[in-house]
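Undergrad: Letter by letter, the chains look like this.
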Amino acid sequence: MEILVCVKRVPDTAENEIEVNRDGSDIERDDLVYSVNEWDNYAVEEAIQIVDKVGGAVTVVSLGDEDSEEIVRREMAMGANNGILVSDDAFEGSDGKGVAAILKTVAEKGSYDLILTGAQADDGAGQIGGMLAAMLDLPYASVVNSIEVVSDSQLKVGREIEGGNQELNEIGLPCVLSIQTGINEPRYVGIRGIRKVASVDIPIWGAADLGLDASNVGQSAAGVKRVDYFVPEFGEGAEILEGSDEEIAEKLIDLLKAKGGIK
Amino acid sequence: MAAQVFAYIVHKNGVADDTALELVSAARNIFPDTSPTAIVTGSGTDLDGVCNDLAASFGEVWKFDHEALAYPNAEAIRKLLMAVLPADAVVLFPHDTFGMDLAPGLSIKLNSVFVSDAAGFEGLDGNNLKVIRQEYSGQVSTHLMADISAGAVINVRPGIFQPDESRSAGGQVVDKSSKIGDLSVGRRFLEVVEAEAGDVDITKEDILVSVGRGIEDQDNIEIAEELAEAVGGVVSCSRPIVDAKWLEKPRQVGTSGQTVKPKVYMALGISGSFQHMGGIKGNPYIIAVNKNLKAPIFQIADVGVVEDLLDFVPVLTEKIQEGK
Ligand SMILES: Cc1cc2nc3c(=O)[nH]c(=O)nc-3n(C[C@H](O)[C@H](O)[C@H](O)COP(=O)(O)OP(=O)(O)OC[C@H]3O[C@@H](n4cnc5c(N)ncnc54)[C@H](O)[C@@H]3O)c2cc1C
Ligand SMILES: Cc1cc2nc3c(=O)[nH]c(=O)nc-3n(C[C@H](O)[C@H](O)[C@H](O)COP(=O)(O)OP(=O)(O)OC[C@H]3O[C@@H](n4cnc5c(N)ncnc54)[C@H](O)[C@@H]3O)c2cc1C
Chain A
1 MEILVCVKRV PDTAENEIEV NRDGSDIERD DLVYSVNEWD NYAVEEAIQI VDKVGGAVTV
61 VSLGDEDSEE IVRREMAMGA NNGILVSDDA FEGSDGKGVA AILKTVAEKG SYDLILTGAQ
121 ADDGAGQIGG MLAAMLDLPY ASVVNSIEVV SDSQLKVGRE IEGGNQELNE IGLPCVLSIQ
181 TGINEPRYVG IRGIRKVASV DIPIWGAADL GLDASNVGQS AAGVKRVDYF VPEFGEGAEI
241 LEGSDEEIAE KLIDLLKAKG GIK
Chain B
1 MAAQVFAYIV HKNGVADDTA LELVSAARNI FPDTSPTAIV TGSGTDLDGV CNDLAASFGE
61 VWKFDHEALA YPNAEAIRKL LMAVLPADAV VLFPHDTFGM DLAPGLSIKL NSVFVSDAAG
121 FEGLDGNNLK VIRQEYSGQV STHLMADISA GAVINVRPGI FQPDESRSAG GQVVDKSSKI
181 GDLSVGRRFL EVVEAEAGDV DITKEDILVS VGRGIEDQDN IEIAEELAEA VGGVVSCSRP
241 IVDAKWLEKP RQVGTSGQTV KPKVYMALGI SGSFQHMGGI KGNPYIIAVN KNLKAPIFQI
301 ADVGVVEDLL DFVPVLTEKI QEGK
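Chains as they are written, first to last, in the numbering used here: chain A, 1 to 263; chain B, 1 to 324.
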């Protein structure tokens, strides 16, 4: 099975405090620690496991600036066979549709049986997988937490829906799936793994390589434009307890007692 | 401009989801005078109950009754919507696993803009709708301008827009089932497998000590267990803890986990994502321990401690034990 996995480089929210920059045009990007979007790691792991079982190859693609190369390489160290970086100044300021339109041309340059995305990325949008499927006229399933290869032309997939229940579906290939965390346990990538792929050539494709008219992507084509970033006014918010750990603990114990938080 | 606004109604066992009336409020945040049209799809007698209950709150309720719609299949419903919606429709969905499944692709097929997980609207400037979203797990917010001249598909964050019971729209149920065309799909629904029950039922507990990614390591779960024991509560968690297999799925609080109704909820190293908070009902007293003051949990909690939980929680546990 030929599998394409879309991966995004994002600031790691577990490692960083995200702040708005001075004029509100972006977040403060100096000193941020970046990583692969959490969901995409599960997608790559799933693709590798499928190929281990039924054969084929895994290709990872990331759209971003040249720094995104490091995450493509990281996913290749996990075991993806091929990597592609899609990068062009003309792509900047693309909205979700722009990103999906670009990834569509990447998908069409290959011949993939299965295309995987993460369920969502740092924007929390969860939009690219569904858009890509619709643009390619392929069946789609979101928040997928299990994949079973039934035949060359069919998968059985579980979707994790509300309450943690699982919705089982049959879906024809080729198709697009967006992957939910927890579907597998992504393998650890060590320094040695990274070293092994350090010199692998990762092609960079721009608008011309993909046959994209620059006026159809990027900021000018975006129907959804980001205006600014801001930090919402704190409503009432939590009462923050101050003092030494011991003092705070004592205040908290009084509150717990009052609210029925200590039996 | 006055586009027609539609709201997709999620329903189960003959009862509309809370999001149904939230979408009415969301619609009026965009167009103050609108009475949106409810779209209700399904099969059989359950459907009539849902439609009749909604009629008072919507301008119209469009009922689509078909065997193939008995279970909401996003692909089938997309086909249906493409056939019945006017060109510049503004269509609202709740941002849940169904909305995520259907809405992005629908926006492509309708050739209209898509806005995901909208948390607020700040008015229309001509055809440009100003939307508020949260990014980076809610640490910052952003304003978007969406050009809705060719319509829009908008997923609305559940729990944000409060239903306004005071305004009646006095709408009617219109049976549109005859408009249903081809519903053939490439993805066929098989069955729903219910989540397994665990050794403890966190939905019945009054005191929950809940751990998130901030617990950092499996071995540290003990810290929370000791606190839970000291206060007479039970340990629950956020999703990443289950993904890492540090605790069992039945301990997970949130939209894709359990819905809990404790008296006191202690969130240790939990950022406060809406999918997590969506599983906490009954307005408990929430205590947050988090080392990042910007974590959205502090906007929701009643009291906060800005500390490393690995240092603070053992101190708290010890003080409680001393006092007993
Ligand atoms: C400087 C800057 C300016 C921006 N301006 C705008 C703007 O004006 N309007 C606007 O709407 N948005 C803007 N964006 C956001 C940008 O369009 C988003 O990256 C886009 O919407 C897709 O990401 P997402 O988080 O929404 O993806 P989601 O739909 O949440 O992600 C789901 C999955 O899609 C795949 N995916 C997403 N992005 C990529 C990628 N880049 N490469 C490979 N796979 C990917 C991954 O598999 C991911 O798990 C801007 C971003 C930046 C950094
Ligand atoms: C369809 C869907 C369904 C979902 N359903 C659920 C669900 O049911 N339940 C759920 O929980 N999530 C759910 N999620 C995931 C959700 O979006 C968040 O990713 C998740 O809730 C984040 O968990 P967290 O708060 O533990 O981790 P993070 O967001 O990473 O937050 C960790 C927090 O710990 C703090 N911290 C770090 N170290 C320390 C320390 N030493 N001391 C104190 N604080 C520290 C950090 O400042 C941060 O605020 C769902 C997502 C999707 C897409």
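Rather than coming from a laboratory, the hints here were simulated on the basis of the structure.
There may be inaccurate statements among the hints.
[Said to hold, decoys possible] Taking lysine to aspartate or glutamate and the EDC-like style, the derived pairs with C-alpha atoms no more than 20 angstroms apart in a straight line are:
no., chain 1, residue 1, chain 2, residue 2
1, A, Lys156, B, Glu229
2, A, Lys263, B, Glu307
3, B, Lys319, A, Asp23
4, B, Lys204, A, Asp137
5, A, Lys225, B, Glu122
6, A, Lys259, B, Asp302
7, B, Lys263, A, Glu185
8, B, Lys294, A, Asp228
9, A, Lys259, B, Glu229
10, B, Lys291, A, Glu250
11, A, Lys263, B, Asp206
12, A, Lys263, B, Glu194
13, A, Lys259, A, Asp228
14, B, Lys249, A, Asp23
15, A, Lys257, B, Glu122
16, B, Lys291, A, Glu185
17, B, Lys109, A, Asp137
18, B, Lys291, A, Asp12
19, B, Lys249, A, Asp12
20, B, Lys294, A, Asp113
21, A, Lys251, B, Asp201
22, A, Lys156, B, Asp302
23, B, Lys12, B, Glu191
24, A, Lys251, B, Glu194
25, B, Lys245, A, Glu250
26, A, Lys225, B, Asp147
27, B, Lys79, A, Glu239
Being a predicted model, the structure only gives us computed values, none of them experimental.
Undergrad: Next, verify each hint and record whether it holds.
TA: Hints, one by one, checked against the model:
{"no.": "1", "hint": "Lys156/A with Glu229/B", "result": "42 angstroms, violated"}
{"no.": "2", "hint": "Lys263/A with Glu307/B", "result": "25 angstroms, violated"}
{"no.": "3", "hint": "Lys319/B with Asp23/A", "result": "46 angstroms, violated"}
{"no.": "4", "hint": "Lys204/B with Asp137/A", "result": "46 angstroms, violated"}
{"no.": "5", "hint": "Lys225/A with Glu122/B", "result": "15 angstroms, holds"}
{"no.": "6", "hint": "Lys259/A with Asp302/B", "result": "11 angstroms, holds"}
{"no.": "7", "hint": "Lys263/B with Glu185/A", "result": "34 angstroms, violated"}
{"no.": "8", "hint": "Lys294/B with Asp228/A", "result": "18 angstroms, holds"}
{"no.": "9", "hint": "Lys259/A with Glu229/B", "result": "17 angstroms, holds"}
{"no.": "10", "hint": "Lys291/B with Glu250/A", "result": "19 angstroms, holds"}
{"no.": "11", "hint": "Lys263/A with Asp206/B", "result": "10 angstroms, holds"}
{"no.": "12", "hint": "Lys263/A with Glu194/B", "result": "33 angstroms, violated"}
{"no.": "13", "hint": "Lys259/A with Asp228/A", "result": "40 angstroms, violated"}
{"no.": "14", "hint": "Lys249/B with Asp23/A", "result": "43 angstroms, violated"}
{"no.": "15", "hint": "Lys257/A with Glu122/B", "result": "42 angstroms, violated"}
{"no.": "16", "hint": "Lys291/B with Glu185/A", "result": "27 angstroms, violated"}
{"no.": "17", "hint": "Lys109/B with Asp137/A", "result": "10 angstroms, holds"}
{"no.": "18", "hint": "Lys291/B with Asp12/A", "result": "16 angstroms, holds"}
{"no.": "19", "hint": "Lys249/B with Asp12/A", "result": "24 angstroms, violated"}
{"no.": "20", "hint": "Lys294/B with Asp113/A", "result": "43 angstroms, violated"}
{"no.": "21", "hint": "Lys251/A with Asp201/B", "result": "30 angstroms, violated"}
{"no.": "22", "hint": "Lys156/A with Asp302/B", "result": "44 angstroms, violated"}
{"no.": "23", "hint": "Lys12/B with Glu191/B", "result": "15 angstroms, holds"}
{"no.": "24", "hint": "Lys251/A with Glu194/B", "result": "42 angstroms, violated"}
{"no.": "25", "hint": "Lys245/B with Glu250/A", "result": "33 angstroms, violated"}
{"no.": "26", "hint": "Lys225/A with Asp147/B", "result": "8 angstroms, holds"}
{"no.": "27", "hint": "Lys79/B with Glu239/A", "result": "50 angstroms, violated"}
Violated hints, listed in ascending order, are 1, 2, 3, 4, 7, 12, 13, 14, 15, 16, 19, 20, 21, 22, 24, 25 and 27; each of the other numbered hints is respected by the structure.
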